[in-house]
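Participant: Below are the chains, spelled out letter by letter.
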Amino acid sequence: MKINKESLDLLKEIMALEFSMIDLNLYLDTHPRDEKPLMIFEQYSCRLKDMKERYENEYGPLTPDRAGNRQWRWIEEPWPWQIDYEMGGK
Amino acid sequence: MWIYEKKLQYPAWVESCDLRIAKLLFAQYGGPDSELSAGLRYLSQRYNMPIPEAKAVLTDIGTEELAHWEIIATLIYKIIERATLKQLEEASLGAHYVQHGRDLYPHDASGVPWTAAYIQAIEDPIANLHEDMAAEEKARTTYEHLIQSTNDRGVIETLSFLREREVVHFQRFGETLRLVQEHLDRKMYY
Ligand SMILES: [Fe+2]
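Residue numbers (this note's numbering), protein chains in the order written: chain A, 3 to 92; chain B, 81 to 270.
Everything labelled a hint here was simulated from the structure, so no lab data went into it.
Heads up, some of the hints might be wrong.
[As the list claims (entries may be wrong)] Dumping the calculated DSBU-like pairs for lysine-lysine here, alpha-carbon to alpha-carbon at most 35 Å:
no. : chain 1 : residue 1 : chain 2 : residue 2
1   : B       : Lys103    : A       : Lys51
2   : A       : Lys38     : A       : Lys51
3   : A       : Lys14     : B       : Lys267
4   : B       : Lys267    : B       : Lys86
5   : B       : Lys267    : B       : Lys166
6   : B       : Lys86     : A       : Lys14
7   : B       : Lys267    : A       : Lys51
[As the list claims (entries may be wrong)] Per label pair, the in silico range of CB-to-CB distance:
no. : chain 1 : residue 1 : chain 2 : residue 2 : range
8   : A       : Asp36     : B       : His180    : 43 to 53 Å
9   : A       : Arg49     : B       : Met81     : 36 to 46 Å
10  : B       : His263    : A       : Phe43     : 40 to 50 Å
11  : A       : Met41     : B       : Trp82     : 40 to 50 Å
12  : B       : Glu161    : A       : Arg75     : 49 to 59 Å
13  : B       : Tyr270    : A       : Ser9      : 18 to 28 Å
14  : B       : Ile131    : A       : Leu40     : 33 to 43 Å
15  : A       : Glu8      : B       : Gly191    : 39 to 49 Å
16  : A       : Arg75     : B       : Tyr270    : 55 to 65 Å
17  : A       : Asp86     : B       : Tyr270    : 34 to 44 Å
18  : A       : Leu40     : B       : Trp82     : 53 to 63 Å
All C-beta atoms, glycine included, are put in the ideal place defined by N, C-alpha and C.
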């Protein structure tokens with residue numbers, strides 16, 4: 003499914019950053035008083051918020067709560083399983 | 081509750097059209113040690129965990145497993161999307177096609193439907209967490225078997241990511257088990 007290069011690059015950056023946060027989240031679940039990863043988590047969290055806002059303003063909503071700005075954009079394709087993340091190969 | 085986010089956890093990609101690996105990937109979509117089993121097991125076990133860390137770990141890993149389930153589905157979808165009936169038949173996916181078309185369905189690599197009998201929840205947190213650690217190890221081994229079964233670079237990269245996650249989950253469950261054990265020991269002494 004076609005997706006433009008700029009939106010794909012930003013989406014993949016968001017995916018990578020949010021994945022790092024999931025990994026930190028699991029670590030913090032069993033080490034809740036470890037301060038350094040907590041600090042990194044907070045930094046990533048700010049960056050992710052900015053990146054998602056940029057993505058959603060330019061290319062479309064990631065979650066339904068951000069989908070209703072004058073038109074219903076939630077149903078727009080592509081869905082995650084349709085995207086050609088490597089644009090036809092590496 | 082859960083909120084759907086329009087992205088995958090990992091940019092799953094396939095290089096070619098290895099239909100044989102598509103069939104085998106059903107092991108992780110609806111097999112005994114599949115991502116589906118993992119997710120439903122952890123999310124069922126979390127309610128009576130005795131310490132907050134354990135409730136969080138089971139909730140968060142259970143949620144991550146559902147994201148992995150979606151990644152496996154995406155790999156299979158991408159491989160079989162454009163396959164003809166003849167190609168599907170040649171890859172022993174003819175029976176799948178007759179019953180499900182090109183849709184996903186939770187059965188294992190040989191077509192056996194998923195069953196809740198693959199998983200358990202028994203309130204005893206020590207017993208539950210041991211099951212979870214074993215499940216992560218079995219899933220890791222399944223990924224290694226799958227990686228040995230294909231030459232597709234995209235599939236191998238994606239499965240290597242998922243394999244690595246099983247290692248991390250095993251580690252987190254081990255830490256959780258230790259925390260729960262310490263909690264139970266303290267309760268015994270005071
Ligand atoms: Fe796992």
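Participant: Checked against the structure, which of the hints given earlier come out wrong?
Facilitator: Failing hints, ascending: 1, 3, 4, 5, 7, 9, 10, 11, 12, 13, 14, 17, 18.
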